[in-house]
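Residue numbering for the sequence shown is 1 to 327, as defined by full-length UniProt numbering.
If you are wondering where the hints come from, they were derived from the structure by calculation, not from laboratory data. Errors might be hidden in some of the hints.
Claimed, not checked - Each computed SDA-like pair below joins lysine to any residue, with the alpha-carbon atoms no more than 25 angstroms apart:
| no. | residue 1 | residue 2 |
| --- | --- | --- |
| 1 | Lys127 | Asn323 |
| 2 | Lys274 | Lys127 |
| 3 | Lys46 | His126 |
| 4 | Lys14 | Cys137 |
| 5 | Lys127 | Cys137 |
| 6 | Lys127 | Trp65 |
| 7 | Lys326 | Leu291 |
| 8 | Lys7 | Glu169 |
| 9 | Lys276 | Gly198 |
| 10 | Lys283 | Met267 |
| 11 | Lys278 | Ser185 |
| 12 | Lys7 | Leu168 |
| 13 | Lys316 | Lys14 |
| 14 | Lys316 | His289 |
| 15 | Lys14 | Asp139 |
| 16 | Lys138 | Ser163 |
| 17 | Lys278 | Glu169 |
| 18 | Lys276 | Pro201 |
| 19 | Lys276 | Glu132 |
| 20 | Lys316 | Lys326 |
As the list claims (entries may be wrong) - Simulated DEER-style distance windows between Cβ atoms:
| no. | residue 1 | residue 2 | range |
| --- | --- | --- | --- |
| 21 | Trp322 | Ile44 | 41 to 51 angstroms |
| 22 | Pro71 | Thr295 | 16 to 26 angstroms |
| 23 | Pro299 | Gly113 | 31 to 41 angstroms |
| 24 | Gly113 | Lys276 | 11 to 21 angstroms |
| 25 | Val54 | Pro93 | 17 to 27 angstroms |
| 26 | Gly64 | Trp325 | 17 to 27 angstroms |
| 27 | Ala8 | Ser62 | 12 to 22 angstroms |
| 28 | Trp202 | Gly269 | 15 to 25 angstroms |
Even glycine gets a Cβ: it sits at the ideal position worked out from N, Cα and C.
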Amino acid sequence: MDETDLKALLEGNKVQNSVLLMFANLGALQLLENYLCSLSEQGINKYLIYAVDVESHMEFQSRGWHSYFNPRLTGPLNISKTTVAKQLKNHRPEFHNMMTAKLQIVQDVLRLGVDVLMTDVDIVFHKNVIPEVLHKCKDMCFMHDGPSKPGLRANLGLWFLRSGAATLEFMANTIAAKVQHVRMSDQAVVNALMKQGGIAPWLNPKDSPSGSKDSPSGSGGFSLDSGRTLSTTQLDDAGSRGEERGKVVEGNEGGSDRSKGGGKMPMEGGAWLKMKVKILPEKVYVNGHVLMHGTSLPPEMGMAHINWTRTKGQKKKYLKQWNMWKC
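Model the full assembly from the supplied sequences, consistent with the hints where possible.
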């Protein structure tokens, strides 16, 4: 499938020039199905799934789901449902290729002039929160990533970007940083870039680079320390050219991504530094940490993200326990 196919799918699945976009493979099949059932309950039938591999794409299509696959993004990956958790745990290159591809599909949609509401699939909608997100968010919005307290990290479990020069610059920088810093998660890179650019004042000012939970093996979540930045040409290579898609850039594997504080990261362009970035109210956009530590479900809850645990079995257990298993 190419850009023409993506345009056609977006035309059929966008609402108010925005598409609800999710990223999944067969390893998340049950969680994805539950998420789609919750959307259906709220009358939401327009969405787009980016399938990680062709096997997943064919299965999603056979179920009548709105699926898109482009091998240009993920290359020769065929991530089986038994290896996803291991790759996450061990920070395998294949998993980081997937996270880079996730950023690249967001970029591709934005380039076509369509706004993106990207979500994970371990999510349940209790209300249709999409109109509120579109109304509240000027350039970019996130849900919280932790327990209720001031100054938190952004959680890419629900992430809205409005198409324009600023968000396209931001995505180019984000992808370049992710390619350069192989072992950092996409969420850690996004938080690091926002903090260094000073565009998200609600980020926790007390977070130190060492020991951040956003990064593998305790390597810092808010500073990318490689001792170099990327040129405009390298940014274009990392963020745009098909040759970079589906590849891990070698040379940063041996712990060189461990932050020491105050490192440089790609900051090309200037429009993105003027973006309006918001964190969404946690009692409506509820993350798993709030659910886990609360005594009851917030009555105003619009959606829930079961993000505090990695295993599918644990997620399913708690979804059932809280009557959030919809299928």
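Open item on the list: Hint by hint, where does the structure go against what was stated? Just the numbers, ascending.
Closed with: 2, 10, 13, 21, 22
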